[in-house]
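J.: Below, each chain spelled out in residue letters.
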Amino acid sequence: MVDAEGGLSLTIARVVQRLRGSSLHSQLERQARVSPGPAPAVVPAVYTLLSLRFPSPCHPAAPPEHMKEPLAYMRKAQGSWEKRILKSLNSMCTELNIPLAQKRPASEQKELLNKWNEMGTDEPDLSLFRPVYAPKDFLEVLMNLRNPNYENGEQPSFRNHLGLIQVPLKVKDIPELKEDFSELGLNIGQLGIDDSAQVPPEFFENEHVRVGQKVLAEQDSAAAQQYVRQGCPTALRAELWALILNISNQPEDILYYEQLKSNVIQHNLLVDSLIYKDVKLTASNDDYYFVFEDYLYQVLLCFSRDTSVLEHFAYSSATPPKSYIRGKGELQKSFCFVGVIPFHGFSMYVAPLCFLYHEPSKLYQMFREMYVRFFFRLHSISSHPSGIVSLCLLFETLLQTHLPQLFYHLREIGAQPLRISFKWMVRAFSGYLATDQLLLLWDRILGYNSLEILAVLAAAVFAFRAVNLMEVTSLAAAEAVLADLSTLKVVPLLQIFLFATVT
Amino acid sequence: MGGDAGGGPGPLQEIVFRNFYTAFVSVRVQRARGPRRWLTCVRRRRLMASPHAEQGAQDYFSLPRHQMLCDVDQVTAVRFILRQPSPVWLHFTIEELQIFPPSQKSPPKDFPSWLSQLAPPQQPPGPHAELPDPEKVSAEAQQMWVLTEVIRARQAAARIGRFDVDGCYDVNLLSYT
Numbered sequence: 001m002v003d004a005e006g007g008l009s010l011t012i013a014r015v016v017q018r019l020r021g022s023s024l025h026s027q028l029e030r031q032a033r034v035s036p037g038p039a040p041a042v043v044p045a046v047y048t049l050l051s052l053r054f055p056s057p058c059h060p061a062a063p064p065e066h067m068k069e070p071l072a073y074m075r076k077a078q079g080s081w082e083k084r085i086l087k088s089l090n091s092m093c094t095e096l097n098i099p100l101a102q103k104r105p106a107s108e109q110k111e112l113l114n115k116w117n118e119m120g121t122d123e124p125d126l127s128l129f130r131p132v133y134a135p136k137d138f139l140e141v142l143m144n145l146r147n148p149n150y151e152n153g154e155q156p157s158f159r160n161h162l163g164l165i166q167v168p169l170k171v172k173d174i175p176e177l178k179e180d181f182s183e184l185g186l187n188i189g190q191l192g193i194d195d196s197a198q199v200p201p202e203f204f205e206n207e208h209v210r211v212g213q214k215v216l217a218e219q220d221s222a223a224a225q226q227y228v229r230q231g232c233p234t235a236l237r238a239e240l241w242a243l244i245l246n247i248s249n250q251p252e253d254i255l256y257y258e259q260l261k262s263n264v265i266q267h268n269l270l271v272d273s274l275i276y277k278d279v280k281l282t283a284s285n286d287d288y289y290f291v292f293e294d295y296l297y298q299v300l301l302c303f304s305r306d307t308s309v310l311e312h313f314a315y316s317s318a319t320p321p322k323s324y325i326r327g328k329g330e331l332q333k334s335f336c337f338v339g340v341i342p343f344h345g346f347s348m349y350v351a352p353l354c355f356l357y358h359e360p361s362k363l364y365q366m367f368r369e370m371y372v373r374f375f376f377r378l379h380s381i382s383s384h385p386s387g388i389v390s391l392c393l394l395f396e397t398l399l400q401t402h403l404p405q406l407f408y409h410l411r412e413i414g415a416q417p418l419r420i421s422f423k424w425m426v427r428a429f430s431g432y433l434a435t436d437q438l439l440l441l442w443d444r445i446l447g448y449n450s451l452e453i454l455a456v457l458a459a460a461v462f463a464f465r466a467v468n469l470m471e472v473t474s475l476a477a478a479e480a481v482l483a484d485l486s487t488l489k490v491v492p493l494l495q496i497f498l499f500a501t502v503t
Numbered sequence: 504m505g506g507d508a509g510g511g512p513g514p515l516q517e518i519v520f521r522n523f524y525t526a527f528v529s530v531r532v533q534r535a536r537g538p539r540r541w542l543t544c545v546r547r548r549r550l551m552a553s554p555h556a557e558q559g560a561q562d563y564f565s566l567p568r569h570q571m572l573c574d575v576d577q578v579t580a581v582r583f584i585l586r587q588p589s590p591v592w593l594h595f596t597i598e599e600l601q602i603f604p605p606s607q608k609s610p611p612k613d614f615p616s617w618l619s620q621l622a623p624p625q626q627p628p629g630p631h632a633e634l635p636d637p638e639k640v641s642a643e644a645q646q647m648w649v650l651t652e653v654i655r656a657r658q659a660a661a662r663i664g665r666f667d668v669d670g671c672y673d674v675n676l677l678s679y680t
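Chains as they are written, first to last, in our numbering: chain A, 1 to 503; chain B, 504 to 680.
Incorrect hints may have been included.
Claimed, not checked - If we take Cβ atoms under 8 Å as the criterion, some of the chain B residues that face chain A in the derived model are:
no.	residue
1	Val519
2	His594
3	Phe603
Derived from the structure by calculation, the hints contain no laboratory data.
Quick caveat: nothing in here was measured; it's all calculated off a predicted structure.
C-beta atoms are modelled at their ideal positions from N, C-alpha and C, and glycine is treated no differently.
Using the sequences and the hints, build the whole thing.
T.: Encoded structure:
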């Protein structure tokens, strides 16, 4: 809350600062020199760049760590979690006697350049490497998250939550979710329901495709975001997603990707081996994604060297790890390790995008943008409504409120529901749903600019299989009931859970 | 729960503080002139969206003068009344309390100087006998000046993407600090 006179100028100053350096800025400058008013196509792009990519500004008195995460105890928890990961990584380095980063010898560089498009055929010895952490390790950390100012008594009371998450964050209930996700309502056409074989296409599908083509012709980013809330036609999805995320494959972007590729050729990182291992363990074993193995290497190896990813740490609760290197002349220089340390399953964030984009530089940009907007929240501790802690709490609250018998039963047999659904949410359901259903789900993530739909879907899946789950008597049996989600249809489940369940 | 702050009489421009789990705050002031009673200048300002939940619990807030209910010139004492109806919190308070008089600006805003000075700079008369058209010159000069200011203020946004420092790249361990 700043005073009115300074308010407008301050907002303009912030807008200018955020646009600085982006391609939109030069576009706007060019436009301003030519004609006085703003170009119609640029305005929606500015809107999406500002509102979707960057979070709302903090109070001027707030220090930068407050913008990353306002709650002090969560910052501390994230810090100690990161320390554990670093210790694990360092011990792996010293055990295997491999440096974190080193320059490749010239012969190796040449070899890698030749093999760039078929890195999947390479079979390096990865048996000594192990993933740094898996989602269930992260869940243990979240379970132990406590606010020191909250009365966490041992006696069960209204203060203690019945689920695994004990942090008192505000989450939405079904009436609020109904309002937020109103476009998923029963009386509104959806792709995923109203495009099935039994429904004649004249009812909804043809018109929806026509509107989509119009949105693309206008290049209207805000309209595209509204449009995908009802699902994207498969033929238009790649372009619509690129429009929403403001990705256009300009020559400078291709050049940037080539530069990253040359970085990969020149330097060898330990993280590369972790990426190889992860891809081999997850995506290569998946029936749908194993064909994209080479693409995954091309994207992820570049991603671990991309310094522009460092920008997102300004609004993420995480901090990139630092290292010391010996510079010429100076003893030690601190160097920011471009720091997303992959966990087990990280490559599954990229895999579904391979269905949409075949050009490596565009695929890379789409993944990077999706990561710095959404996916980073799924593996860092923060109080953001789309952060994984809020999603877990939302899932548990929805289940308790609307399926209390099921929740109680599962809790009694030692199968806390979050133990099963956590891995779905951390991976944004990638690898668990059929790919067309997954892409319909990710349409909604982009459309609503929030990850809350993941928690709603997780609760909806439990509601769908509630009858079977009521009969199980152990965690293993519960996991077996929910092991295979590949036959599920996402949109009907969401609709039924939000709009058709008797509360 | 409340607290008083007093001193010589003075005007109030803005109050800035960091919240720590307080749900509502009210501010009362005592003035130098007039009756010696406490006047409410901020009534039950909500700081936390829900008293039981964390949202807003550790955020920074400011109470500017134009949002206050009474005149805050010549204030001798300020009283803060903090309310937290939820029983789940162990403590609640406000921290880093700062009260700004009008002369001092509230915490510095990142405000590029060129935005506040959009008047064209003075142009000295040229050495040529015939002076150029001043309107045209000032319009062009202003445009040029704004562009140079922007370029000077702008950091190189293009990333060079160099991965090694000083040509050396041998990283062995990550640091914990």
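J.: Compare the structure with each hint and give your call.
T.: The hints, checked one at a time:
1. Val519: Given a least distance of 5 Å, the restraint on Val519 of chain B holds.
2. His594: holds, 6 Å
3. Phe603: This hint is violated: Phe603 of chain B lies away from chain A, its Cβ roughly 11 Å from the closest one there, beyond 8 Å.
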